[in-house]
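Trainee: The primary structure of each chain is shown beneath.
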Amino acid sequence: MIVDVVVIALLLAGTAFFVAGTVGLLRFPDLPTRLHAVAKADNLGLGLIVVALIIDEIARDPAPGAGIALKLLLVWTLALVGTAANSHLLAGHARADETAPERAADATVDREDEAP
Amino acid sequence: MNAWVILDAVLVGAVVLVAAVAVLVRSRAAATSAFLVFGILLALLWARLQAPDVAMAEAALGGGVAGALLADALERRRPPRPVRRRAPVPLILAIAAGAASAAELGPLARDNVADSGVSHPITAVLLNFRSLDTLLEIAVVVIAAVGAGAIARERVQPERGIDPIRRALASILIPILLLLSGWILAAGSTQPGGAFQAGAVLAAALIIGHLCGVPFTTPRGRGGAALAGIGVLCFVVLGVVGPATGGVWLQLDPAWAGAAILAVEAVLTIGIAVALAMISLAAGSRDASRRDDASRGATP
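Chains A and B are the protein sequences, given in the same order.
Here my numbering is used: the first residue of the first sequence is 1, the next is one more, and so on.
Here my numbering is used: the first residue of the second sequence is 1001, the next is one more, and so on.
No false leads were slipped in.
Looking from chain B toward chain A, a few residues come up when the C-beta cut is under 10 Å (computed):
hint, residue
1, Asp1163
2, Ile1165
3, Arg1166
4, Ala1168
5, Leu1169
Honestly, the hints are just simulated from the structure, not real lab data.
Think of the CB as a built atom: it goes at the ideal place given N, C-alpha and C, for glycine as much as any other residue.
Using the sequences plus the hints, can you model the full thing?
Mentor: Put into structure tokens, the structure is as follows:
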């Protein structure tokens, strides 16, 4: 019973990070701030959900639960690595865009396509 | 139990909605975003149908390779695409025919798995009962790859001047992807898995390797085309064995069908991976010079 409460609390906390990250992605004005918001969701939100699932699996049945726990940890680790590398690359390219005038002009023309 | 039904209903509704948005919306950026979300939702749906291998292939191809291609196409500035509206009669007919044949053929395939040499129904259908379809599908992919490779031969070059972040990323991801690909391939005969899925994962490893400047991960030119074609060639050789031993085209003797299918699948995995990577790299290659500028600017 206590395990269930802990699991649900962790899941809710993780979901809250995802909601906050998504709101940030939609509301923040530029790429660095959006990356900041999304990276939090990926790191902490996914982390909390993974911890909740690990506790749930091990509490249900320790023998296969341990294997599943390791796989879940691997998923989280890979997501951490991916998010960090993605954010770095996207931010680096965005900064290169800002410093090169003709590329910045390209970027504004790109946006015209998105207008309805 | 009811919670699953609600989840599935929401998932199916979301898939249909996002598919409609991807097809009907005028803005290319919106259509691409909708298509990527569609791929993720479809992968979830496959996972709910107890088909984790198809889910993985959908995530790798629909979300990864196709997503990269579409995002790359977005960079080329074009006016919004025209949307023509016609009654979707052919589509409805196709769905009805597919559903009708699935209802009839599904049990038939399941009842005859024992004759196929492998124990998993999907692998049995793909590489034994329906192997001519699979052969033609792979041939189409290989022809596309050879064409794409020929067009982009000069433009696809190994990346240089790689920053430490990308080098570290490659050293973490590529071994894991290779292991995963091998496991999916080996699992294919008894569990969900197989050459297409393993090939998709291996293609992802190749593309990551190329983008991170790992040596020998940029399939291009004649070598790339040869590697892409070798799977089809092996498949054709396997097909000729039947007539040569007095049987029919693509007929497999149950005595050695299992081993033959696994061997051909291993070669096919490499061929599919190289072909997918070639298509992806060729499509992204027009901006190669621009991308170099950007990465140089990012790490001064």
